[in-house]
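There are 2 protein chains.
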Amino acid sequence: MSSPEIEALVQSLSRLPGLGPRSARRAVLHLLKRRESALQPLISSLQAVDERMLSCGTCGNIDTSDPCHICRDHRRDGSLLAVVEDVADLWAMDRSRLFSGRYHVLGGRLSALDGVGPDDLAIGGLLSRVETGEVAEVVLAMNATMEGQTTLHYLAEQLDRFDITVSTLAHGVPVGGELDYLDEGTIAQALRARRAVG
Amino acid sequence: MSSPEIEALVQSLSRLPGLGPRSARRAVLHLLKRRESALQPLISSLQAVDERMLSCGTCGNIDTSDPCHICRDHRRDGSLLAVVEDVADLWAMDRSRLFSGRYHVLGGRLSALDGVGPDDLAIGGLLSRVETGEVAEVVLAMNATMEGQTTLHYLAEQLDRFDITVSTLAHGVPVGGELDYLDEGTIAQALRARRAVG
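Sequence lines, in order, name chains A and W.
Per the UniProt record's numbering, residue 1 is the first one in the first sequence, and the count goes up by one each step.
Per the UniProt record's numbering, residue 1 is the first one in the second sequence, and the count goes up by one each step.
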């Protein structure tokens with residue numbers, strides 16, 4: 001058996017998504033062999049994140065400032081608002097560099113199974129932002145899962161009373177996707193939304 | 001884009017074996033949502049390991065003391081010495097709780113491809129330990145890879161001049177293994193070493 005310090009670290013690491021006990025043990029050995037080049041930089045990065053990261057009171061993004069750099073960026077289009085389930089979705093969308101508006105993070109999705117109702121999500125905050133009259137279009141960028149789509153329909157109903165455009169992401173063949181590997185649902189959606197060429 | 005603090009942490013984590021950039025990002029979000037239950041305990045565990053873990057000057061194990069708890073344990077059989085490539089192998093062998101002797105960590109394997117020669121491994125230390133006359137049997141517990149077996153044969157030659165038993169691990173079907181999933185080499189070895197039943 002290795003020492004309790006190492007077992008504790010293996011336990012902490014193996015709770016991370018994507019790491020099991022075996023890969024956590026390998027990671028610990030990797031770190032132990034590279035104290036100055038890997039272990040100590042990792043500790044500093046974790047401490048920096050723990051000390052500096054805040055939740056944005058406006059959109060729910062995680063950043064070093066509140067409001068976050070996206071909410072403060074005046075070159076962003078304040079009339080365009082993308083609603084996402086999670087901070088990870090916000091980052092993924094922002095990495096595409098195509099969306100020039102602002103975001104609103106719900107903090108989850110409606111799920112009867114997990115006992116997540118409308119009051120557990122940041123829906124009140126979303127409606128308040130729309131009520132200011134600044135927003136002209138809300139893009140409901142939920143995941144294409146059952147629960148994501150349930151959430152999307154619920155939000156579309158809630159937003160119906162405002163005089164704004166409510167849109168959602170297109171379904172279809174992902175870029176680089178091969179038909180052979182796609183499920184029938186995606187192919188059906190891509191067919192229904194087919195476009196004229198040339 | 002997320003903030004530089006988060007990007008730095010994603011980078012640090014994605015260098016760990018078993019984690020790519022995508023899973024590192026997921027792990028960071030997991031930690032950010034659980035500061036007190038996951039992020040802070042992880043920092044403490046890493047710091048404890050960084051501050052307290054030492055390399056054993058006798059066997060090469062990583063432990064909180066030098067000599068390590070295995071080298072200090074007088075209930076262990078000092079006449080039996082298992083030579084392993086890496087600390088991870090020592091831990092794996094010790095988890096089996098069957099081996100009652102002590103260990104010697106080589107710190108790698110001979111590899112012409114990676115430019116690892118005999119001088120890069122803790123072979124001198126091994127020979128010194130055997131020279132004391134305390135060791136009666138050396139178990140060469142190398143991995144069953146090409147390089148592991150090359151190292152094994154090199155060590156067997158080096159140990160030939162001592163009046164001791166030199167042994168190695170048995171090859172065969174792993175416990176729980178299904179023949180259908182095993183390579184021909186393993187099956188051939190298991191057949192050659194077959195035992196009478198009953």
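Worth flagging that the hints you see were computed from the coordinates, not collected in a lab.
Just so you know, even glycine gets a beta-carbon here, dropped at the ideal spot from N, CA and C.
Honestly, I wouldn't trust all of these hints.
Stated by the list, open to error - Output of the computed footprint for chain W on chain A, the stretches with three or more beta carbons under 8 Å from beta carbons of chain W:
hint : segment
1    : 28-41
2    : 59-69
3    : 114-126
4    : 141-149
Unchecked claim - Beyond 10 Å from chain A on every Cβ pair, some chain W residues (computed):
hint : residue
5    : Gly101
6    : Phe162
7    : Leu169
8    : Asp183
9    : Thr186
Right, here's what the structure says about each hint:
For the segment 28-41 of chain A, the assignment as covered by chain W holds, since 10 residues bring a beta-carbon within under 8 Å of that chain's beta-carbons and 3 suffice. Interface restraint, the segment 59-69 of chain A with chain W: holds (4 residues with C-beta to C-beta distance below 8 Å; minimum three). With 0 residues having a Cβ less than 8 Å from any Cβ of chain W, the segment 114-126 of chain A misses the three-residue criterion, and the hint is violated. Chain W is given as covering the segment 141-149 of chain A, and this is violated because 0 residues of the stretch bring a CB closer than 8 Å to a CB of that chain, at least three being needed.
For W:Gly101, the shortest C-beta to C-beta distance to chain A comes to about 15 Å, beyond the 10 Å cut-off, and the non-interface label holds. Once the 10 Å rule is applied to beta carbons, W:Phe162 is consistent with being away from chain A; the minimum gap is 30 Å. For W:Leu169, the requirement that its beta carbon stay farther than 10 Å from each beta carbon of chain A is met, with the minimum near 20 Å. The Cβ of W:Asp183 sits about 21 Å from the closest Cβ of chain A, beyond the 10 Å cut-off, so the non-interface label holds.
Under the 10 Å C-beta cut-off, the non-interface status given to W:Thr186 relative to chain A holds; the minimum distance is some 21 Å.
The structure fails to meet hints 3, 4 from the earlier list, while all remaining hints are met.
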